[in-house]
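For the sequence shown, position 202 (counting from the first letter as 1) is numbered 202 according to this note's numbering, and the numbering increases by one without interruption.
Treat the hints as calculated values from the structure; they're not laboratory data.
None of the hints are false.
Taking lysine to any residue pairs in the SDA-like style, the calculated list, with each CA pair at most 25 Å apart, reads:
{"#": "1", "residue 1": "Lys-308", "residue 2": "Asn-159"}
{"#": "2", "residue 1": "Lys-125", "residue 2": "Gly-418"}
{"#": "3", "residue 1": "Lys-274", "residue 2": "Leu-190"}
{"#": "4", "residue 1": "Lys-201", "residue 2": "Trp-102"}
{"#": "5", "residue 1": "Lys-158", "residue 2": "Gly-418"}
{"#": "6", "residue 1": "Lys-308", "residue 2": "Pro-210"}
{"#": "7", "residue 1": "Lys-308", "residue 2": "Gly-348"}
{"#": "8", "residue 1": "Lys-201", "residue 2": "Leu-259"}
{"#": "9", "residue 1": "Lys-274", "residue 2": "Pro-155"}
{"#": "10", "residue 1": "Lys-158", "residue 2": "His-315"}
{"#": "11", "residue 1": "Lys-280", "residue 2": "His-315"}
{"#": "12", "residue 1": "Lys-158", "residue 2": "Leu-190"}
{"#": "13", "residue 1": "Lys-158", "residue 2": "Pro-120"}
{"#": "14", "residue 1": "Lys-125", "residue 2": "Val-110"}
{"#": "15", "residue 1": "Lys-274", "residue 2": "Pro-210"}
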Amino acid sequence: MALALTALPLPALAQEHDHSQIDHSGHAQQGPQAPASDEGIANARLWRYITPCLFLDADGQPLMAQCYRTANFSDGTGTARQPGEEAGHLHGNIRTGRYGGWNIAVHGTVSAQYTDHSGPRGDDKAYATSMAMLMAERDTGWGNVQLRAMASAEPLMKNRGYPNLFATGETAGGNPLVDRQHPHDLFMELAGRVDVDLSDKASLFLYGGPVGEPALGPSAFMHRASAKLNPEPPITHHWFDSTHITYGVATAGYATRRLQLEASLFTGREPDEKRWNIEKPRFDSWSVRATWTPSPRWAAQVSHGRIKEPEFSTHPGENEHRTTASVHYADGQVSAMLAFAAKNRDPGETLTAWLAEANWDLGDHHTLFGRVENVRNDELFPNHLSPLHDTPFRVTKAQAGYAYRLPLGELFGLALGGSVSTYFKPDALDAAYGRNPWGYTLFARLSLGH
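Just need the whole structure built from these sequences, with the hints factored in.
Rendered as structure tokens:
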């Protein structure tokens with residue numbers, strides 16, 4: 001479903017050692033220059049971080065190379081970076097062309113799903129997740145400008161969302177959602193980004209808008225290639241990326257090919273139950289993030305933020321200090337991420353979470369995916385009369401799945417698949433969840449762009 005409008009892939013980049021595209025008449029280029037043809041120049045900003053190929057003649061003299069290496073990074077949600085081999089989180093977007101000097105890209109998905117979970121708290125439901133995205137981008141000569149919009153039809157769901165065993169976060173009818181995944185808001189991103197070049201190797205940038213994502217955590221789960229076909233949200237969502245829809249965000253940063261440093265001011269409160277509107281910005285929280293992209297296959301980030309009353313409706317007056325770290329790998333077929341997060345409640349204790357997930361494309365049609373999560377959660381019993389109220393429990397979820405991918409013409413793609421999950425928990429939870437809870441999800445995902 002959601003994938004925030006931030007980047008376009010670079011499908012036309014030649015392989016690093018494509019000698020057939022070398023011009024033997026000149027000398028090595030001084031810096032990366034975009035090809036004369038407009039075809040394939042999806043994200044003009046990323047060309048500033050692409051190193052041209054360098055070859056030597058028989059005498060050891062450099063030759064001008066008209067092929068380019070993959071950029072060290074691709075854009076994730078908000079201002080997050082992902083490995084360059086991931087080619088941007090749009091995963092096969094549709095680039096509609098240039099209009100008045102702007103590059104335009106659109107993308108969208110609709111996923112019809114059925115899920116069923118066992119045990120006393122288990123439930124089943126047929127539902128649909130969705131998103132639509134639009135991005136406009138242009139190279140200004142002194143830098144780059146992006147305008148982004150993303151929306152979802154999920155508010156058509158009831159506020160209770162859909163079953164997701166051991167997940168917590170947000171409310172429905174004033175009651176905390178437990179073992180459910182909340183629907184996303186109509187507006188998932190309305191933001192812009194301006195990059196100003198300091199040199200051919202570094203830039204400053206500003207990002208923000210009424211709806212966006214601060215510099216905190218890795219890219220949101222639905223935008224990561226490591227989870228691109230996974231139909232189930234992580235039960236650790238509110239540890240890693242719950243700020244991916246934030247009403248009021250302003251981020252400033254410094255970027256080079258290998259390093260990005262940034263800081264954000266944003267609204268700490270998570271979205272309320274009114275899914276159709278744009279909420280009042282407060283700019284009462286802050287975060288900082290450092291991202292290292294040493295090569296096109298690797299991206300690592302560490303971030304910390306102070307979030308004011310994130311769960312205002314259920315925990316007013318309770319703030320959060322959140323720390324996250326993640327390492328993301330991609331090589332064109334396999335995409336994987338390992339991440340850690342700690343929520344330090346103020347007042348309260350520290351709750352930690354681990355996540356490992358991967359997506360493996362086996363050729364043009366077959367995909368294997370999976371996720372393992374471990375989390376310490378004290379919100380499984382929100383009733384104040386329960387003897388287990390506010391008691392933290394450490395739970396592990398293991399999930400594995402398969403999808404068959406089928407292109408539908410040149411514009412659309414269809415993925416059919418499913419996943420099975422099992423859970424490991426303390427015996428004290430047997431009465432609520434059963435001794436060996438498990439669940440499965442089936443899906444049919446239609447995407448604009450393969």
